[in-house]
Each structure stands twice: as structure tokens, then as C-alpha cells.
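Q: Residue strings, one per chain:
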Amino acid sequence: GQQLNQSPQSMFIQEGEDVSMNCTSSSIFNTWLWYKQDPGEGPVLLIALYKAGELTSNGRLTAQFGITRKDSFLNISASIPSDVGIYFCAGYGANSGYALNFGKGTSLLVTP
Amino acid sequence: DGGITQSPKYLFRKEGQNVTLSCEQNLNHDAMYWYRQDPGQGLRLIYYSQIVNDFQKGDIAEGYSVSREKKESFPLTVTSAQKNPTAFYLCASSTQGAGELFFGEGSRLTVL
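Protein chains in written order, with this note's numbering: chain D, 31 to 142; chain F, 12 to 123.
This is chain D alone, in the form it adopts within the complex:
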């Protein structure tokens, strides 16, 4: 599959702070997805993006499909302890067919 570069690898923040993470690809992507995984569980879909430039919100979460189609970012505003987990970006490249490519994840820790 195609490699996605996700950063940062981990974040340690205080409750109430805003968080930003991003994902880049060396090739064009048609779809970007953001997932959250709690320990020992399967990932849960947070936001799906289908058009370049698209900006979508889901509560305190906001994600954007980069205009170059090679990147995406996820913002979390006013973080709370239950935001703790691993966040994954994922996407379908123009030539990746049915294979969803994943980033290596951003581990988020939130202290009260």
C-alpha cells in the first residue's frame, strides 16, 4: 500500500487545550478518513472527506481535505480526558484500488 506520514507520533496535553495532527501522502488521494481507537478496541470512524478543500466538523472535531489532495489535518478543540486514544488517518489513493492506506497513528494523552 501507499505510505502515509502522520504527525505528531504522540501528544501529551492538558484538558482544555486544542490539538492538531496531520497526514501527508506522496501521491494524490481521493478520500481521507479519520479514525479514533481506544485501547483494546477497533477503530471508530470520526470524519470522512471526499473533496479537495472540504472542511467537515463533528462536534469538537474538524478535519480538512488538503487542496493539493496530498494531505489532511484533524483538529480537536477544548480537549477532554475521553479524547485519549490513538487517532489514525486513512485514505484511498488514485491508484490504490480498494486498499485503504493507514497512517501509523497519533497517540493522544490528556491530563485533567
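Calculated from the structure, these hints are not laboratory results.
Please read these numbers as outputs of a predicted model, since none were measured by experiment.
Each residue gets a CB set at the ideal place from its N, CA and C atoms; glycine is no exception.
Please note: incorrect hints may appear among the correct ones.
[As the list claims (entries may be wrong)] Quick look at which bits of chain F chain D covers, simulated, 3 or more residues with Cβ under 8 Å:
hint, region
1, 52–64
2, 83–91
[Stated by the list, open to error] Listed below are the simulated DSS-like cross-link pairs for lysine-lysine, each with C-alpha atoms no more than 27 Å apart in a straight line:
hint, chain 1, residue 1, chain 2, residue 2
3, D, Lys134, F, Lys68
4, F, Lys81, F, Lys68
5, D, Lys100, F, Lys68
6, F, Lys81, D, Lys134
7, D, Lys134, D, Lys81
[Said to hold, decoys possible] Computed far set for chain D versus chain F, every beta-carbon distance over 12 Å:
hint, residue
8, Gln39
9, Phe42
10, Ser57
11, Ala82
12, Asp113
13, Pro142
Given the coordinates of chain D, work out where chain F should sit on it, guided by the hints.
A: Below, chain F alone, put in the same frame as chain D:
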């Protein structure tokens, strides 16, 4: 309730033994997937199936086998040929190829 069910959640096996992980979905999804997750490695695609009686290898298919005899079921066999089978295995499904994936809760396999 609709969803994806993986079993068992935890499994221990001795070296040299084959083991089969179950994945069942009642979402009426056409496509099903198996991913392997190792710490810090993200999710890597093992096998996927777009329709019944058809499946394709992913990036790390060696040492694994699958079948898709029914739309709702996609079992994964970890064979003795898999050199490093200890991992967290995730099953997913989607309504169609290149769509949003919905994950099960995962199966953790430990080889002793």
C-alpha cells in the same frame, strides 16, 4: 443491533498450530477486510474480499488464508507458516470497495 463481531477476543496458541479467527457482520456489507496491528505500526492489510467466493491478497498475506463462502462471514486462518503471528487482528467491512470501513472490536492472538 447491526455490527461486526469478532471472536475470540483473546487467543493463545502454541508455535506450529494453525488458528482461525472469526468475523461476522450483519450490516449487509459486500466488502470485508482483515488488518493486522502491531504497536507503532498502524494497520496493515492482510486480505480483502469484495464479493462472495472472491478475495485478494493485501500487503502482508504470507502465512495467512481466508475464505468467503457467505456474505456475512470472512474467517482468517493464521497458519504455522506465519513467522511472527502475535498481534492484534482487526476485521472490517464496507458497503462497497473504496468506501468507509467499519471495524470489529479485534482479536488479540498470542503465540507462546
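Q: To test your reading of the hints: which numbers does this structure violate?
A: 2, 6 and 8
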